[in-house]
Amino acid sequence: MSKVKVAPYRVTSQTPNSDYGVTVSQVRCSSMGRPLELKQHDPIIPRDFNPENDPLRIEMDISINEPSNLYYPSEDAVATKGSRLGIALFWESRDSGRRGIGPCHYFDDGDQVRNVSLGIDFGVGELREEFDFAPKLFLESPGVIESGFTNIKGAILGNIDKKQSVVLDGNGSKYPIHEASEGPDAPLWRVQMDWDDPLADSFFRHFKIILNTDHHDYNSLKRIENPQQGEGVVPVALKEILASTLFGMMVKLKDSTDDWSAIMEGKSEPKSVGQLAWVYKEHESWNLASPSELLQDIRKTVESI
Amino acid sequence: MNIKRLGRHECEELWGDGTTLPPLATDITAEESSIREACVNFLSSNIGLAEYSMDASFALELYFGILSFKDGFTLRMAADNSLWRRLAVQVMPDLVEKRWPAKSGIHSKDHFWAKTQRNWLKSLWWYAHLSCQGNDRALTEACILKGSTDSIQHIVERPGPGGFRVELCREFMKRIGNGSINVAKLKKLLKLNTSRVCLVEPELYAGGIIGYVDSLIQSVP
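Here the protein sequences come in this chain order: A and B.
Using our numbering, read the first sequence as starting at 1 and increasing by one per residue.
Using our numbering, read the second sequence as starting at 1001 and increasing by one per residue.
For reference, chain A alone in the conformation it holds in the complex:
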């Protein structure tokens, strides 16, 4: 849809008395997304967004310069003459147990330019953990019947932009590495793998490496500052921990679930433990034939971090 322009989306939280920005500390984008654009209308009261107390609004501006390009016989056609199309933000959150659609905007092939602002408002205490959203195009009412085009009202015609994720609870870390004060006698690190359903449960929430900040060797796991490398250099010891825990995850998945074949067929849900295992197997060519070969491949992957 080359004639559709999508501006960066905005996340704001508006209270009856003020309109303030959501701070970056608890909101991050998915790896595929663009950086969040944050409003700072109220610099006097800067504070973290709190999903327990604050409402949330997502908004996004979209321009459709030539709606006629979306109609047959254009090359990019998704609908036939006389159809009416709609756009809305679709959101979903497995963590919150719900999904839905924001207010819809409509247009037809006679419109010259359509500039629309899509938005969704969430009330206080409605969402938890993470939610995704994407602007989608749908058929509001069918027009002329043509072969190859749907004429079902409500049919989803496609995403106008990539799906974006907003994390409300979490640390925004790139890897599932957490830190905790567990006492000088506790081990340097431990791993937590507590998923119920590897095909659905979030990798970031159900696979955690916890580093013990009280351990005398803890400093050997701290990232080495390097301005050229963004987050800093990952120390060798931490890479070894990552490798062994990922190996443990693969072994656990393979040995203790009935879902292994579904995972290896790529049937897991996005961002799940199973999907991560599948992505590594497919894209890093992890050899699952034997534990020693698997461990070797995992270490190669981790070396590149």
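Mixed in with the good hints there might be a few duds.
According to the in silico footprint, chain B covers these stretches of chain A (three or more CB under 8 Å from chain B) [as the list claims (entries may be wrong)]:
#1 98-105
#2 116-127
#3 144-157
#4 245-254
Take a look, some chain A residues computed to stay more than 10 Å from chain B by CB distance [unchecked claim]:
#5 Arg10
#6 Glu92
#7 Asp95
#8 Val234
#9 Lys239
#10 His283
Straight line, CA to CA, 30 Å or less: simulated BS3-like cross-link-like pairs of lysine-lysine [unchecked claim]:
#11 A:Lys281 - B:Lys1115
#12 B:Lys1146 - A:Lys163
#13 A:Lys271 - B:Lys1146
#14 B:Lys1191 - A:Lys163
#15 B:Lys1070 - B:Lys1103
#16 A:Lys271 - A:Lys162
#17 A:Lys254 - B:Lys1146
Just so you know, these hints were derived from the structure itself, not from any lab.
For every residue, glycine included, the Cβ atom is placed at its ideal position computed from N, Cα and C.
With chain A fixed as given, assemble chain B onto it according to the hints.
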């Protein structure tokens, strides 16, 4: 509403081999204590209830009374598995046991904490939420009373990858309530729905959700 949280690992440690239930927590908050007391009172005064009749009545009481929005319970709390684990394992394990007693001396951890969608308290609250008709207890009750243990399973245990379409679930339960479908047909409709929502958004379908459900019903003999 101050309800503590309980992680899966802590549950595993507390649960042991499942032959005995974990003891009530010693650090129960005042609000947890009130919730427990309200649940005990309700179940004690409805002692004749068993299986689905217990599920149905208790679901309504939880949703419209003990853990209602007006008393500060939120959707965010309702979606928090660690809250439901705390309630089922440390605040009222004895009440969960009334519905799900031990079999061959072993308690089913699934209904207490191990399966997130089978935690008894969570599944009942969500069943009522997904059956709710205009926030009217009597109308909701009319739908729920026509259901069965299977309808809880069909409605609550399959949230889908992106969560529930709440109004769609409520329409299905409305049809159960008015007798236009039964629980066996509900299962078939939900199966067809799973494939159809890949192409069509129910809310945007001709006639909205009502029209969408009508179309599913017409497609299932």
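Original post:
Tell me, which hint numbers fail for this structure?
Top reply: Of the numbered hints given earlier, those the structure breaks are 4, 6, 7, 12, 13, 15, 17, listed in rising order.
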